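Given the structure of chain A, go ahead and fit chain B onto it with the hints provided.
Chains as they are written, first to last, in the working numbering: chain A, 1 to 198; chain B, 1001 to 1198.
Because the hints were derived from the structure by calculation, they are not lab data. If you're wondering where the values come from, they're calculated on a predicted model, not measured in any experiment. Among the hints, erroneous ones may be present.
[Said to hold, decoys possible] Pairs of lysine to aspartate or glutamate, EDC-like flavour, derived with a Cα cap of 20 Å:
1) A:K64 <-> A:D79
2) A:K36 <-> A:D125
3) B:K1036 <-> B:E1133
4) A:K172 <-> B:E1035
5) A:K36 <-> A:E65
6) B:K1172 <-> A:E109
7) B:K1172 <-> A:D39
8) B:K1172 <-> A:E35
9) A:K172 <-> A:E109
10) A:K64 <-> A:D39
11) A:K64 <-> A:E35
12) B:K1064 <-> B:E1133
13) A:K172 <-> B:E1133
14) B:K1172 <-> A:D125
15) A:K172 <-> B:D1039
16) B:K1051 <-> B:E1091
17) A:K172 <-> B:D1125
18) A:K36 <-> A:E49
19) B:K1064 <-> B:E1024
20) A:K40 <-> B:E1133
21) B:K1040 <-> A:E174
22) A:K51 <-> A:E24
There are 2 protein chains.
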Amino acid sequence: MSAENGTSKRRPGRRPGSADTRGEILTAARRVFAEKGFDKATVRGIAREAKVDPALVHHYFDTKEGMFAAAMQLPITPDEVIPVLLDGPREELGERLVRLVLRVTAAPETREPMVALIRSAMTNDQAAGMFREFITNALLYQVAARLGVPQLQVEAGFAQMFGVIMGRYVLKLEPLASADHEELVELLGPTLQRYFTP
Amino acid sequence: MSAENGTSKRRPGRRPGSADTRGEILTAARRVFAEKGFDKATVRGIAREAKVDPALVHHYFDTKEGMFAAAMQLPITPDEVIPVLLDGPREELGERLVRLVLRVTAAPETREPMVALIRSAMTNDQAAGMFREFITNALLYQVAARLGVPQLQVEAGFAQMFGVIMGRYVLKLEPLASADHEELVELLGPTLQRYFTP
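Extracted from the complex, chain A is given alone in its bound form (with noise of 0.2 Å):
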């Protein structure tokens, strides 16, 4: 791999740069993620998918999963949302991470692509492995680790929010769908706040 002749092929068929070049790495980006999964996709070879030079990519993006959240249109990313968990009192993170989750998916224009992005998880296999190693490795794994928690702990804790997520959008469940976010907090807090508890 490293020993391919790389410099002379690394010469770019379209101009850096160019209008839309961020549009361009994130089609490549969409389609090496879908082909390769989370985990295999990198910044070189969609640089290479995208016929820019790597730090072109980088210039738009500095992280893989800076680049996984635009390409899936993600309103978040996981560098953005695991330091507003940690910021704060320890003992009021259930009710902060409840907060987070609920605001975030308030708006139809944040909530839209996750929840793209979650019914393809549902229904493909391919999706389905992509979502998953970016939702443990950058996210659920991160937090774990950061908290000093059992993976499974915060893994019970993403069901619980993925579970109201659903049940309020997707299948319109009443009266949780038209639960206010207090009412909420004031339910599911205490339950994250004990699985974020080592």
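Same frame as chain A, but now just chain B:
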């Protein structure tokens, strides 16, 4: 409606009690449930669709809930679940529910019809409506009423177990997918117990 010249029309187009009468009723039921939803579907309407006498439908299926479960090939009906939940010490209800859900979903032949129903509810609005009406009216609201617990709390518990089953069997998140039942009972039991406490 009730004024239609009923009896003369009720003559079945197929022999009552023929080898696959039950199968024909179920085919008709799937069609009627999909078209009208769970609430508006009636035994009479399903009998008409199947071209059999309503009494014959009642001969095969005691309740509309039972017919829905059979039509969707669900391995268990609310009429069976609710007594299991209520039979036993109230302080072990959370644990009992977790065990029941894990047991019913452990075997592929009982799990897969449920997952199929959920998948279609996640991707199709009509299927979502049918699933929503069934799960709320036939199961969640009944449990809430019998236990004297707010519906929202019962739905939070449903969301927890829905997320666990999807995480375990569809998204296949590790370590959740490989966790054993006892580990999950210990982790999730107290959550359900709290939601099922008035």
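Comparing the hints with the structure gives:
no. : hint                : in the structure
1   : A:K64 <-> A:D79     : holds, 11 Å
2   : A:K36 <-> A:D125    : holds, 13 Å
3   : B:K1036 <-> B:E1133 : holds, 11 Å
4   : A:K172 <-> B:E1035  : holds, 19 Å
5   : A:K36 <-> A:E65     : holds, 15 Å
6   : B:K1172 <-> A:E109  : violated, 27 Å
7   : B:K1172 <-> A:D39   : holds, 15 Å
8   : B:K1172 <-> A:E35   : holds, 19 Å
9   : A:K172 <-> A:E109   : holds, 18 Å
10  : A:K64 <-> A:D39     : holds, 9 Å
11  : A:K64 <-> A:E35     : holds, 15 Å
12  : B:K1064 <-> B:E1133 : holds, 12 Å
13  : A:K172 <-> B:E1133  : holds, 10 Å
14  : B:K1172 <-> A:D125  : holds, 10 Å
15  : A:K172 <-> B:D1039  : holds, 15 Å
16  : B:K1051 <-> B:E1091 : violated, 49 Å
17  : A:K172 <-> B:D1125  : holds, 10 Å
18  : A:K36 <-> A:E49     : holds, 12 Å
19  : B:K1064 <-> B:E1024 : holds, 16 Å
20  : A:K40 <-> B:E1133   : violated, 42 Å
21  : B:K1040 <-> A:E174  : holds, 18 Å
22  : A:K51 <-> A:E24     : holds, 9 Å
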